[in-house]
Amino acid sequence: MLDLLIIMVVLTNLRLLATSRIESLISWAGIQGMVLGIFALLSRWKHLEPDIFVVGLAAFSFKGIVIPAMLFRLVVAVRSKREADPYVGFIASNLIGLLAFVGALWLGHRLPIPGNDMSNLVLPATLFSIFSGLFLIISRKNAISQVIGFLTMENGTFVLGVGTLYYAPFLVEIGALLDILVAVLVWSVLIRYMNRAFHGITTEQLTKLKG
Amino acid sequence: MTNESLFGFIIAVPALSGLLGRFAANQTRALGFALSGVFLAALFCLRAIYLVFNENQIFAYSDWIFLDHLSAWHLVVLILVFCQSTLFAIVYFGEEMREKKFSLAQARTFAGLWGPAFSAMALVLISNNLGIMWVGMEATTLLTSFLICIPLSRDSLEATWKYMLICSVGIGFAFLGTMLLRLAAKDLPLDLNQALLWTNLMANTRFLSVPLVKAAFIFALVGYGTKAGLAPMHSWLPDAHSKSPSPVSAIFSGFMLNAALYCIMRFIPITEEATLHSGWALRFLVGFGLFSVVLSAAFVLFQQDIKRFLAYCSVEHLGITVLGMGLGGFGTFAALFHVLNHSLAKSLAFFSAGRLGLAFGSHNIEKMKGSFKISPVWGTGIFAAILVLIGVVPFSLFISEFQVLKAAIDNHQIAVVIIFLTATGIIFAGSLRYALPLGIGEPASGIETVPVKKLDAFIVALPLLILLILGLWMPKTLQVTLSRAAAIVQTAKPIIPHFGPTGGK
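So the protein lines, in turn, are chains E and Y. Just so you know, we're using our numbering here: the first sequence kicks off at 1 and counts up by one. Just so you know, we're using our numbering here: the second sequence kicks off at 212 and counts up by one.
One chain only, chain E, in its complex shape (with noise of 0.2 angstroms):
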């Protein structure tokens, strides 16, 4: 059951390197963010405690509601260009997604994890998030494909992190949680001041400042 999640988290990567509009690029990213909290819950679920309860349920409703929730109203309030802008066309993306993905199996094997009670798809799934996340980032012009990038990448991390049976302490994980709450709310802010400014959300005019 938990390498289906991995497995699903894997899948919304390569999806979200294959769309191209920014509604479903949200949403996918919400999907994924559900998945996460899921599998946060049912990693522990035969001793679930309180704490572990509240850190799957915080990412469940952080990652697959809220943050999508929020970005949802930006694309209304800055009335983005719904096409992704990207740099490297969807299909080349997803190819280079997937040649990825080979990567990411070939170096998870390779870190050797002590102990043998944990899916070997672990380390894979959170090398290959961390790659979609920062190649969507790269590759993409519109801000906020470039925020959805980079909640990607964290969310590669949170497979590592809470995923796997040695998470961190609780309070560590509900501070990264709402680091990237707040992180979301800045970066939603900024798009609203950059659009005032630039007229667009594109990245493409942030040239100026160079050498």
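No wet-lab data here; the hints were simulated from the structure. Heads up, a few of these hints could be off.
[Unchecked claim] Heads up, incomplete: computed chain E residues facing chain Y, CB under 7 angstroms, no partners named:
#, residue
1, L177
2, L181
3, A183
4, V186
5, M194
6, L209
Note that the coordinates shown come from a computational prediction; the quantities given were computed from them, not determined experimentally. Glycine residues also receive a C-beta, built at the ideal position from the N, C-alpha and C atoms.
Once you've looked at the hints, dock chain Y against the given chain E.
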């Protein structure tokens, strides 16, 4: 006062001052809240530092919070830079208020974020839990981003965007590094809440999984290195430093970069112990350090904006610090000393550049010629600060640079010595080319002179005096503190270097 309440005050007081500042009735009050929050917190910090000096380590909150010599040393730098910068903020924004350029909304944003930024940076230093340290570091990014675009413009928004994006990605890597370290410590029979504590990891390095520790170190180095402005991850730094208001540039360069570097310093001993002191981690530090120095040498030569020039200087000095760390032994001691020297000199440079920028109406180096005549105080400030930064005798920054060089020579790293000398030589000549006309040139006509004020003179004189005194004589207390802090990074016995009358020569 218990340790719990002491640390509680260090975090809560500035945070509360931010909250009050956010709703201040006018600009003066907003600045007043920022000032009182920072100075009050500084008093609590001093108490904590005093305790560390007597007791070696102090703990609180089930050991999640602690202070040892390494963090106490950084806390000293933090309060010096922040107190100076807050005083300068009064001067800087006071002048902007006089010119009616500083609105109430801007004052509230500044005061609302300034204190909390102090809290976040202090949290980084006092965390024993590496996860909380990460949370603090990420919080500094979030809290300081709107400080950059206080004067809202296209340029400042561009700088803020790059800062947020690049640093968040960097910090994301650092989080992965932290999680990998947690995974490396999987087999330790520790309670969940105790497993990410630095002191526990250090006590059990033998039981960590070496490949995972190595992977964790790489991610932490690249991640926190991005925030510290190490080349080639420095690209946000010149933009953010040049576009933010000068008090903000000063804390960015004077402390925030060091806070990120401090995080790396916590990963170094774990990695080195786990790899049996093979020097595996140190090689990376030498590489990043040297590359930062070389890259800034290339870029310093072509700058027109004084604050961009100073930003590249920061890349250089952070590079020198990391290089010192990488050389190990005496180099670590020198690197920690360099942290203080650079922070004092660089914040002074940003203060002077900012205040002169207001007088000249530009940060263009060409247009800022003859600053002595426009303002004897700030003119001296910028001229002296640049001289200090390029390593002129007898200031202490020369001593620490010399010590790093000495560490390289002692290690027989001749290539490092040659590259270091060439790059710093280029920076020396290039910077002097800017500094001379900036100080003693003829100013363009029609620029109003800046009246001499006591507070201005104090802000300029204090760091210069400290740098001068430390260049000539290092107090025994400082030597002991530094060597104990260096010993923490090296996981070795404290080395008390022999100091002659002129320092480390």
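Identify every previously stated hint that the structure contradicts and give their numbers, smallest first. 1 and 2
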